[in-house]
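Visitor: Model the full assembly from the supplied sequences, consistent with the hints where possible.
Read off the chains here:
Number of protein chains: 4
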Amino acid sequence: MLDAKLVIRSHSEQKTVVKLSEQVTVGGQELLVIGGPCSVESLVQMEVVAEHLATAPVQALRGGVYKPRTSPYAFQGLGLEGLEILTAVRQRYNMPVVTEVMAVSQIAAIATAADVLQVGSRNMQNFELLKALGQCDKPVLLKRGLSATLEEFILAAEYILSHGNPQVVLCERGIRSFDPYTRNVLDLGAVAALKQLTHLPVIVDPSHAVGKRELVADLARAAVACGADGLIIECHPQPEQSVSDARQALSLAEMVTLVHSLGAIAAAVGRSLPRINIPSLAVPSTVCG
Amino acid sequence: MLDAKLVIRSHSEQKTVVKLSEQVTVGGQELLVIGGPCSVESLVQMEVVAEHLATAPVQALRGGVYKPRTSPYAFQGLGLEGLEILTAVRQRYNMPVVTEVMAVSQIAAIATAADVLQVGSRNMQNFELLKALGQCDKPVLLKRGLSATLEEFILAAEYILSHGNPQVVLCERGIRSFDPYTRNVLDLGAVAALKQLTHLPVIVDPSHAVGKRELVADLARAAVACGADGLIIECHPQPEQSVSDARQALSLAEMVTLVHSLGAIAAAVGRSLPRINIPSLAVPSTVCG
Amino acid sequence: MLDAKLVIRSHSEQKTVVKLSEQVTVGGQELLVIGGPCSVESLVQMEVVAEHLATAPVQALRGGVYKPRTSPYAFQGLGLEGLEILTAVRQRYNMPVVTEVMAVSQIAAIATAADVLQVGSRNMQNFELLKALGQCDKPVLLKRGLSATLEEFILAAEYILSHGNPQVVLCERGIRSFDPYTRNVLDLGAVAALKQLTHLPVIVDPSHAVGKRELVADLARAAVACGADGLIIECHPQPEQSVSDARQALSLAEMVTLVHSLGAIAAAVGRSLPRINIPSLAVPSTVCG
Amino acid sequence: MLDAKLVIRSHSEQKTVVKLSEQVTVGGQELLVIGGPCSVESLVQMEVVAEHLATAPVQALRGGVYKPRTSPYAFQGLGLEGLEILTAVRQRYNMPVVTEVMAVSQIAAIATAADVLQVGSRNMQNFELLKALGQCDKPVLLKRGLSATLEEFILAAEYILSHGNPQVVLCERGIRSFDPYTRNVLDLGAVAALKQLTHLPVIVDPSHAVGKRELVADLARAAVACGADGLIIECHPQPEQSVSDARQALSLAEMVTLVHSLGAIAAAVGRSLPRINIPSLAVPSTVCG
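Protein chains in written order, with numbering that gives the first Met the number 0: chain A, 0 to 288; chain B, 0 to 288; chain C, 0 to 288; chain D, 0 to 288.
Hints listed in this document are in silico derivations from the structure and should not be mistaken for laboratory results.
Here the structure is a predicted model, which means the values were calculated and not measured.
Just so you know, even glycine gets a beta-carbon here, dropped at the ideal spot from N, CA and C.
Hints may contain errors.
As the list claims (entries may be wrong) - No more than 35 Å apart at the CA atoms, straight line, and that leaves these computed lysine-lysine pairs for DSBU-like:
1. 14/A with 211/B
2. 4/D with 211/A
3. 211/A with 211/C
As the list claims (entries may be wrong) - Derived coverage of chain D by chain C (criterion: at least 3 residues anywhere in the stretch with Cβ under 8 Å from a Cβ of chain C; other residues may be distant):
4. 79 to 90
5. 184 to 197
6. 220 to 232
7. 265 to 274
Guide: What follows is the structure, encoded as structure tokens:
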């Protein structure tokens, strides 16, 4: 790990706190909880999500508009239309937004519409993308590759820092393994190790890790107990009708219940749940019954 | 999993509670914490361990006397001498003892000296051993194989139940993966899944999972938050001098600190730490310094 | 690997040649080909198999009578009845027989009925079994564990040698991995490495490695080209009706065709196909049309 | 695999033959052998390589000029200077050249300098790159990702074909696994399966698979025996001084010896070694002694 001179803990006297917005940070005492659908499907969908999650409290929204899909014939995301939806929702609800960037050519547009640019697992070693994000002034959420060692993960982050962007959040999202029962294996040992080895915030995505909604809450609680700085969780107004990853999305009610269950665990490890950052929300005009 | 008709949850109306002794159970509301060295090295060692752990409170002791070692030239355990030490310690401290059984021929002697017979990862599919343990009247702690699927793990337990012994405790202890930084990868998704799929108690061994003492506590807390029914953790009076697995053993002080940290997390998920089950302990005569 | 002082190549000035019978060896210039069903099902079945394979030429027969099955409710093998069948067939056809031993208690009976005792993948680190086989005077076919490192595999062999039995044949049979398309992943890099690291014969089981009969022949040829000392391949008179592993068994005609295709590849790497060791066979009386 | 309608075998009546140049193809009766260093280091280096390999015969050259390196501080390739070297060498020796493309922005320049654009393992699911290569008129050498399933690999190729480019060569280069002895595990079962499932040429990279030069030749021979359509092998004039992947590069003499050893194996599976395609070579002026 010696090569990762900017990412390793000895580089910085204190833990890095990354700002998603004026009110929302990750890496400090307060946990970050990010929620939302796998894919942005419509403005109504995102408004319903934001409406329910804002008071959970969930501090930030996720939603993919450029989707890395295994098959070229699968839904590839709404693209620019999706960015417009994200722009509308983040303004209305004052919630920062995380979305995935798949190519250098998408960075400028996404950086305008979103607060955090996510690098997905499949692109963790897309070094040209990492270099370009190193010259971006928005935080980067870097997901661990499906079979990336910790050294490779840390050095992928080092690409971003060494090209000028210190705002990197690491995300453990499950590694590929042999058991077909769960989609991937959540590696919380990696979370504990990354917290010791680096000064960067480390969050956990239990949804992609396990791939089955009935197991998400247990792993989310485990991640908080393990010392993760936050969670990114997939939820959807009608999970079964999600255009992607339907099997792992929580309902919005399940998401709220999950967040409520985290408080006592957070407190047990010296952390706190996010405060509700938007005390009074205008009812969105477009939300359907 | 349909084949595992005795182990799957629908077989039993309620969760199975396994009794290690009159006072100590696993699978109920109270967590089970088992602690002790990888190998039984001497009576003095085990007395020091028991003395410190009894009031942690740790409810049961572990210690190997027949050791499955990768190399034939490595320390193979104290054997019968070790069983005598276990017998002495469990009586003096009134703490049930868990130790590994490697062969059918060892069952009778171990069943006399110990309260729980552990099947190690390498023997999870030693079916002749499983069948023989099915005819034993002591509880069996069945560790998941290094690369066993959940289906294989559940069916290994089914071997024991179908041969007559319903007292089985499942133990997740990390699976083999690609990253050299941690010894194995703790699969807490498997713990959550096993709790849903079966009616058996499920405990976690964070020590073997991660293989580095500085990461054990984080994973132990994660396991409790995830819903595990207990923990089995390696600790040693002088970890660096342990004859086996020295790199992962906690000191006794670290073990006590860890146990104390579990209470709030247990409470957050509706469980409780073990009560101290031996209020007044005689000071053992043979404990050195 | 330094610990494996008896197994590593520097221990022996020359490659070890293991004798299965007076006529059949492995580790020399001539390849060993072992064929037969997963499970011994009947005398007729084994006679049909031997009849067809003897002139392929296949030099030795395989057939399980004690079967390590994932489920306790699956067919567990014919046991002693199976041993009687093996005894009858090996005498009639003068072909050595390989069969699996699962427990110390089975060694004596199997050593009487078979020429080679196989340790299956699940028992590669059943150290009590390895020690007992070290005191046996029959060759041992040691299969690599599903997730055993080369170091663990070599040290498992060292258990047998260090307990007195130098007649060990290593067998690569595929390792567990993430892709559901093939059952396991055949690791021919391990075969090449084991040939360099040790003086023991190394054979390959392509049937269990790939788990689909249509891929077995390609991998068998690859194994020979890679330098393997032999092959062990599953075949059955009526593959679809095999009581176990039906999906991977070749028909007897496919087996014969495969063996014929190996000659040119063997020659290309300085080896030769087995000679036909039984020029004139009596037609067995019990073979059905 | 149903989604991969263009790649699966039933789509095409015959196997696809991809042309690297007027004289060199892959997917037909003749094997393709590609050789060269991991990284292009200098014109002299590449001339020495071409000079030695042309008569091996090796038909095509490899050499990276844009290098995906785990660390941002490692040598990143010569870039445009490297492309100029490739241009010079391919003209002088009339050998097609394969080099890696890491980003959409590099495609135009590389397509001018090279005959085949390689997508490395880390970019196998860089879908924006795949889409752009689908609009390119040069063949694409698509390497399997480190932990890509066959379905994912096939669908990555489908991205290229469905965007308009039918000239795709699949390359198995080892998958990530648990054993530290070899760098990766060569999955020849995947090669056999891909040959059955698709109509595309499938080649093998034994160098990256095993990561140790002393094991490369055995795996190269195994790949040919298994039915691979070709090989891509790393070699270097002075392997120990290679700026990258020094441990796995063959010397040029070892490479020539290896190619010579392939002929008999190729013949055994109905294939032939490449003919020498450049009968009389001008001695390059810049080659040092």
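Visitor: A separate judgement is required for each hint: does it hold in the structure or not?
Guide: Verification of the supplied hints:
1. In summary, the hint linking residue 14/A to residue 211/B is supported, as the alpha carbons are separated by about 22 Å, within the 35 Å threshold.
2. Restraint check for residue 4/D and residue 211/A: the C-alpha separation of about 29 Å stays at or below 35 Å, so the hint holds.
3. Restraint check: the Cα-Cα separation between residue 211/A and residue 211/C comes to about 29 Å, which is no more than 35 Å; the hinted pair holds.
4. Counting residues of the region 79 to 90 of chain D whose CB falls under 8 Å from any CB of chain C gives 0; the rule of at least 3 is not met.
5. With 11 residues carrying a beta carbon less than 8 Å from a beta carbon of chain C, the region 184 to 197 of chain D meets the three-residue requirement, and the given coverage holds.
6. Taking a C-beta to C-beta cut-off of 8 Å, the region 220 to 232 of chain D contributes 7 residues in contact with chain C, enough for the three needed, and the coverage statement holds.
7. Counting residues of the region 265 to 274 of chain D whose C-beta lies closer than 8 Å to any C-beta of chain C gives 3; at least three are required, and the coverage claim holds.
Checked against the numbered hints listed earlier, the structure breaks hint 4 alone; every other hint is satisfied.
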